[in-house]
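Participant: Residues per chain are reported as follows:
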Amino acid sequence: MIYDWLHNITGSAIAAAIIQSLLPLFIFILPFALFAVLLERKVSGHMQDRLGPMRVGYHGILQTIADIIKLIQKEDIVAAENDRRFFDLSPILVFAGSYAAFAAIPFSGAFIGSNIDLGIVYIVAVTGLVVAGILMGGWASNNKYSLLGAMRAAAQIISYEIPTLLIVVTVIMITGTMNLFTISEWQTQYFWNWLILGGPVFGTAKILLIPLMVISFLIIFLSTLAEVNRTPFDIPEAESELVSGYHTEYSGMKFAMFFLAEYANMFAVSAIVATLFFGGFQSPIGYLGNVFGVKWLIPIEQFFWFTAKGLFFVFVQMWLRWTLPRFRVDQLMAFCWKYLIPFAFVILILVGLITVLL
Amino acid sequence: MALKTEEMVLNMGPQHPSTHGVLRLELVLDGELIENVIPHIGYLHRCFEKHCEAMTYPQVIPYTDRMDYLASMYNEFGYVVAMERLMNIEVPERVQYIRVIMGEFQRIASHLVALGTYGADIGAFTPFLFCFRDREKILNLFEITCGARLLYNYMWIGGVSHDLHADFIRLANEFIKEFRPNLKELNDLLTFNQIFIDRTANVGILPAETAINYGITGPNLRASGVKWDLRRDDPYSIYDKFDFEIPIGKGEKGTTGDCWDRYYMRVREMEESLKIIEQALDQIPEGDVSSAIPKRVKPPVGQIYARVENPRGELGYFIISDGSLNPYRIKVRAPSFVNLEVLGELCKGHLVADVVAILGSIDIVLGEIDR
Chain A
1 MIYDWLHNIT GSAIAAAIIQ SLLPLFIFIL PFALFAVLLE RKVSGHMQDR
51 LGPMRVGYHG ILQTIADIIK LIQKEDIVAA ENDRRFFDLS PILVFAGSYA
101 AFAAIPFSGA FIGSNIDLGI VYIVAVTGLV VAGILMGGWA SNNKYSLLGA
151 MRAAAQIISY EIPTLLIVVT VIMITGTMNL FTISEWQTQY FWNWLILGGP
201 VFGTAKILLI PLMVISFLII FLSTLAEVNR TPFDIPEAES ELVSGYHTEY
251 SGMKFAMFFL AEYANMFAVS AIVATLFFGG FQSPIGYLGN VFGVKWLIPI
301 EQFFWFTAKG LFFVFVQMWL RWTLPRFRVD QLMAFCWKYL IPFAFVILIL
351 VGLITVLL
Chain B
1001 MALKTEEMVL NMGPQHPSTH GVLRLELVLD GELIENVIPH IGYLHRCFEK
1051 HCEAMTYPQV IPYTDRMDYL ASMYNEFGYV VAMERLMNIE VPERVQYIRV
1101 IMGEFQRIAS HLVALGTYGA DIGAFTPFLF CFRDREKILN LFEITCGARL
1151 LYNYMWIGGV SHDLHADFIR LANEFIKEFR PNLKELNDLL TFNQIFIDRT
1201 ANVGILPAET AINYGITGPN LRASGVKWDL RRDDPYSIYD KFDFEIPIGK
1251 GEKGTTGDCW DRYYMRVREM EESLKIIEQA LDQIPEGDVS SAIPKRVKPP
1301 VGQIYARVEN PRGELGYFII SDGSLNPYRI KVRAPSFVNL EVLGELCKGH
1351 LVADVVAILG SIDIVLGEID R
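Those protein sequences? They're chains A and B, same order as listed.
Numbering-wise (our numbering), the first sequence opens with residue 1 and increments by one.
Numbering-wise (our numbering), the second sequence opens with residue 1001 and increments by one.
Misleading hints may appear alongside valid ones.
In the DSS-like style, the derived pairs of lysine-lysine whose C-alpha atoms are separated by at most 25 Å in a straight line are [to be verified]:
(1) 1275(B) - 1184(B)
(2) 42(A) - 70(A)
(3) 1177(B) - 1275(B)
(4) 1227(B) - 1253(B)
(5) 1137(B) - 1177(B)
(6) 1137(B) - 42(A)
(7) 1331(B) - 1298(B)
(8) 144(A) - 1348(B)
(9) 338(A) - 1253(B)
Keep in mind that the hints were calculated from the coordinates and are not lab data.
Next comes chain B alone, as it looks inside the complex (with noise of 0.2 Å):
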């Protein structure tokens, strides 16, 4: 005898514990299988692109900072790399070792946070605290930076807006000395605990065909053993004088390019976030930080496309210029949005507690998909 069964439509979010922010899913389930999940977008949208055709161009940077509101300070330095290489200003060393510093600085902050909520998501909720533990030293830093915690209009085109605190270095320093044992905490607490490892290795694999079809970047992208990493690859700034391994998921607890892969990932680059920020703090020169600024932001005619590795991936800027003080146009390839298109490709055939598990893994930034 066959029963008669229907699928069910269940809408989750946009205000859903662990959508991340306003994202809705609609998922289409039989009994607890996913058959097919549709994200729908926009809960957030701030015409980020049209709004900067109206600023000059050094009023787009605390735009950029409400993108990727977890990675700001790596908004920021995406957008004055564009710049300056679209006007060809050569910055000071010091001002490229502080930027590096930054935005490593934000890669291990913005991390926390996705490792800190993906627990959460998966039901533990102590990591998530001691993760957020740990950012909130990284934001004291920035805040005797810059003012700021959050958003913080710190690099400047051509420059950066404060020099470093006197106690600076030596807060930093300290800071890497606390946080060596606690990242190993958070390994004991969770990314070694069974009931997590049953849970996320072998959900959601992403092969890395797929992977590079769908235009994943960032710890996705590696997660899945594709070596990509465009501080390597592509190098801007100073990357190249700095000596970091580019960790790649190797399936360790299941299948290469499965969530605790992309969780794991993550761990390891916070290890070598670290690795960049000694060697940067050990080697910064002096010298002035904002000598390179122009007082008058007016590039050529021109476009240009800059591309950096912000913690989620490839952060792209595709800026063209009129020769005016304003630009013609600005766009912008937020990596979260690419990465989120890959979601109903991996969600298919899992359970309704694996889509949490997913979407975690995947860790996007909705300020960024909408703009």
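Only chain A is shown next, with the shape it has when bound in the complex (with noise of 0.2 Å):
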């Protein structure tokens, strides 16, 4: 729909494309990531008895605008022994790769930055991104405690990837798609067409299924969970151990970039789950468009359901973390390949069975 217009307004495809991919970014993660960063502030505040950011704005809801404002006006600060052109480099890699991610996101019916066949498998390539500008920050930055975080980071999301695609796979087996959009369109309208409770499928095959894909969504959001390095899995960056990990070293808005960037990917991790197993953006219960046969008003609904069930896990992961002590790093890695593997093998096979002979 978006594409067909800014077709029209443009005359060329490729300008269409371009300007559509990058809506997303624009119209909303930049604001959410400023909206995330002063929710997280006030969910942990109000878990911990304080009231948060205060001063700036009502109950300080320009507090994390002031905050950027002081970044922007802060000195780079690059030390003589950095790697300049790894050190400049990283951020934006990383940057760049949480970001990409929401290009193939499907926000709602009409809402989608590119609507592109491979989608689950676009988002898992280009999140691998972030590795590499993660290992180039903490090796550039010449830091001892850098390095750790960034040998640790890199070694946990490449573990924590396998579980996550093996459910990735498993979803794949069930719908026959790898694009994101069919996958949420497959699982129509009611709730208990979502994945989680079985798909939009009947008879013996959807009991079965059940419980298969409660324990897959547990396993891709604990482990999508610590791809993006939030508590419990937040050893990278281990405050307590390593100061802060591979961005030690970073100030001003290069320290922003990857702000930014972990609370974007808060919300991608949110959004793939919801797109997964949640329905994406169905709503559960139907739509007041089709209730009062306003067509223009579905796509709203559904972008304002993608929202609620994307700030849902978002807001479930800040509570994870400001709940739970964090794991060390060889636990973190044995829990990844003792448990969280051989369950999703485990899964894959069954579903497997389930699909071919039911």
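Build the complex from these two chains, which are given one at a time in their own frames, with help from the hints.
Facilitator: So this is what it looks like as structure tokens:
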């Protein structure tokens, strides 16, 4: 829909495609990152018997903007011993890696940056850039703490991609497509059609799928949590051990880029989980637009539901962060290799049998 | 094919978020495994002992506050106990009760900091703020008593500087009533959290024999299963009047003497301290708090070693008097200083992340180590 409209205006297919891919960034992600930073501080504050930021604006709603202004003004410190080229490149890669993922995420029936058939594979691939960026930053910082943090991060992200991918493959086997838009459309309308409740299939297959899908959801949520380095998997930036891990040496806007990428990542993870298992942009209870016969209302409602689902999982991540201690690096690896991956394989095989036999 | 590997020396501190002050650790690493830990101390050295020689005896008290700044009341307690023994001063009953109440409140406050910061070291930040919230209430109690929140100069030789505030007993009882559920909340949130147990159980095991050989005292020693508490084994003040348990580590979640035991020891000691405070608040007699304070502190020639059970272990004062107004020599046996020595032994073969867990479980205060 948006693509056709843009095509009409610009008269060029390439320009329309580029603008459309950039739209999620400006319409959604940048404002979201601002909002999420504030939300995190408010959530943590209220969980800890504090109020959080209160000074800038009503209940501190402008706090993040004040922070951004502060960060822009800051001197960008580069130590003499840093490897300048890679030091500069690293935040860009991390930022790009996490933002590029949004291009393939369907925000609503009419709003998707780029509706590519390999959507989910594209997201997994493009977030791989983040690993390169983190390693680069840790190495170029010429700081032992950064290096340790970066190596931990690389090991962690690569390990946890395996269970993520296995569960993605399971989902692909059930839905028969890699296109995130189609996956969302497939889990039509009501919440009992969501994949976590077996998807829009009926009979024995649905009953068998429900427990498997609940476990799959837990696995993919945990492993994506680890991929974006959130508590209890925030070992790469473990404040009490490694100061702040791979971005210890960064300051000013470069630091802000890491920081914004982290919050964008939080939403990306939530969005993927919501799309795969919770119906994506589909409403759980039907659309007002259908009831009143106002067709243009439906995409807006879908956008609302998608954002609500995403924000819910973002909130869960914050909740976990301010409740749990963190794992130790070897326990983290053991958790992935000894529990998540074997379980994911078992689910892969069982789901394969179910889809073939039933 | 053998890969060529090198040891890496990682400098941790003095500016590091979890060295609990200005401690510098030189870690010799093989990958992330610890080969050796060399603590470097002295960044907070203020010549306490030398300084005391130029002061009169009562003027030393504010300096004792500044040693273990998380347990100032107890540092004063130790010093006045030593001075009163040296000078043979009989202290009024009410003063003894006030001192015990303050001392035990101080123990709770100090343990709360230890537990909260330990949680933060392990990565759980919320318990830290919960603990500081409760500690704040204790500091409020101290504030209405003597006007200060951190460095009190409250216990004087032969007495205390102010009598209890009229509201103190009511407020203290209210605090105890509020604090018990909070302690349970802390246990639910952190102590019995599976991730926390995984991080701390079977880490940094300190066997009883090693602990005794190194001269470890306080909760760290008791966590290793040795029932040794100066409040019971070398009674001072009026601790023999109260009914309380001495908890020891049992290795419930791992091995006796691991980090979890040392952590949980402090939780249980807080419960015991609450019991002591409750009894003391019930029994406290009326009386004058300043009648025994000598006008001029001039102890006879002689020397004394007196020790008390500070929140961190055996705090000992060795005082030599030459009969003048100034001490000839004051030597402090600081529990943190002695407890820190075992760090290298505990850390060997563990990961970098465990150094933080082990250091936090020993619960050091740099002000006391460097003096």
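Participant: Give a verdict on every hint.
Facilitator: Outcome of the hint check:
no., hint, result
1, 1275(B) - 1184(B), "16 Å, holds"
2, 42(A) - 70(A), "20 Å, holds"
3, 1177(B) - 1275(B), "12 Å, holds"
4, 1227(B) - 1253(B), "19 Å, holds"
5, 1137(B) - 1177(B), "12 Å, holds"
6, 1137(B) - 42(A), "24 Å, holds"
7, 1331(B) - 1298(B), "18 Å, holds"
8, 144(A) - 1348(B), "20 Å, holds"
9, 338(A) - 1253(B), "22 Å, holds"
Going down the numbered hints, you'll see the structure goes against none, and every one checks out.
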